[in-house]
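Chains as they are written, first to last, in the working numbering: chain A, 775 to 1004; chain B, 260 to 441.
Hints should not be assumed to be uniformly reliable.
[What the hints assert, rightly or not] Pair by pair, the computed Cβ-Cβ distance ranges are:
(1) Ala956(A) with Gly417(B): 18 to 24 Å
(2) Pro804(A) with Gly379(B): 32 to 38 Å
(3) Pro381(B) with Gly806(A): 52 to 58 Å
(4) Glu981(A) with Leu319(B): 47 to 53 Å
In short, the hints are calculated from the structure, not lab data. Every value quoted in this text rests on a predicted model; they were computed, and no experiment measured them. Backbone N, C-alpha and C define an ideal beta-carbon position, used for all residues, glycine too.
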Amino acid sequence: MKHFDPTFKKDTEKEFPLREEMRPRTVETPDGQTIEIEPLKDYFCEAPPKVHPKAYSKIVEDFYNWARAESLWILGFGTGCGAIEMRPLMTPRFDAYRWGIQWRPTPRQSNLLMISGYLSIKTLKRAIRAYEQMQQPKYVVGLGSCTINGGMYWDSYNTIKRLDDYLPVDMYIAGCMPRPEALLAGFVALKKIIKAGKAEGANLYAENFAQYKANQKAVIKDWDMPDYSW
Amino acid sequence: MMKDLIAKLKKHYKLTEPDYRRADLTFVTAQKDELRSLLIALRDIEGFTHLVLLTAVDWLEEGLFQLTYMLNNRAANRTLALRVMIPRANAVGDTIHDLWPTAETYQRELREMFGIDFPGSPRVNDEFILEGWTDMPPYRRDFDSLAYSLQTYRERPGRVTHDPREHMKKALYPDQKPEAAK
């Protein structure tokens, strides 16, 4: 950690109180029953993520990887200015659909999460939820210097500096912002990585799940969601 | 027109010397206890019907917050900004959400970002933009954004800063010796 004025030392002990509607409590129902409710307990989201097993033989796995690389479906989650740079890719001038890349509206249908710029703490929370709801195999691409080292938000009080502390990033595309040509080059490079079987971000996330959660909870103070939502 | 208005207001209210920024923009400082009646008079009699903004300035050295109420008279195309100084410690302002409903949002923002309380304003203690913020209000001048960032978010090593002048000199004229320090 770099040197800073000790008069601005942060009070790290302080915790954010859980919101009242999130606390467990006993409720009287309209028909007279008394029930215990625990709003944060989600019975469908209790299992942590699992490592996605490889196919039984290399040639089959290579075939799967080829298929995955040739259909990158992007979750349309726009953060920061990179969301604007992605629009020209959809239109005939750059036409990313030639590479089998298309944009999907929901996490369930997509396998590529583009973090297209700076992430504030508030957005990071939504990005984590969106990432966890995607089905494996899934990939993360960080766009621009904001996701790499904070970029122009290097001294911001509410913006993360390294995306790979919180989500497993398979690929960074440098620039501020990267032009659509750079994005296309990045997609081609990502395809090479996937075809070589080296895009193991989602498995990394499953293996180091505790570490990732600790990093996420260190900055997101009002954690009011299940630990893993799928 | 603004001079006539200020002269008229000065008969009833304690105002400081006005600051005529432009022909259509005037700043003047008012007393805190007269603010409400002044705002009502401006809105209902003088035609300043639109609250353009309500914001704060942190005068750290003087120990004061300055609340700026900017009002606009659309028919005459004139803007009048009222400044009110309030003490910085346990800062409390008077809510004006019943005069202009938009003030509610401004007051929520001031509560979160400057820590100025407006008792009686709807939802004033709810979170506005920040989620789960535990430190001091970040727009206060004694909050150091860089120090907070260094303590909270991990840096990636390798980030360097160049003086643009020296960097371009080296890039364009690599043979030239650097200037001796004077």
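Verification of the hints:
no.	hint	verdict
1	Ala956(A) with Gly417(B): 18 to 24 Å	holds, 20 Å
2	Pro804(A) with Gly379(B): 32 to 38 Å	holds, 34 Å
3	Pro381(B) with Gly806(A): 52 to 58 Å	violated, 35 Å
4	Glu981(A) with Leu319(B): 47 to 53 Å	holds, 49 Å
Going through the hint list in order, the structure does not satisfy hint 3, though it satisfies all others.
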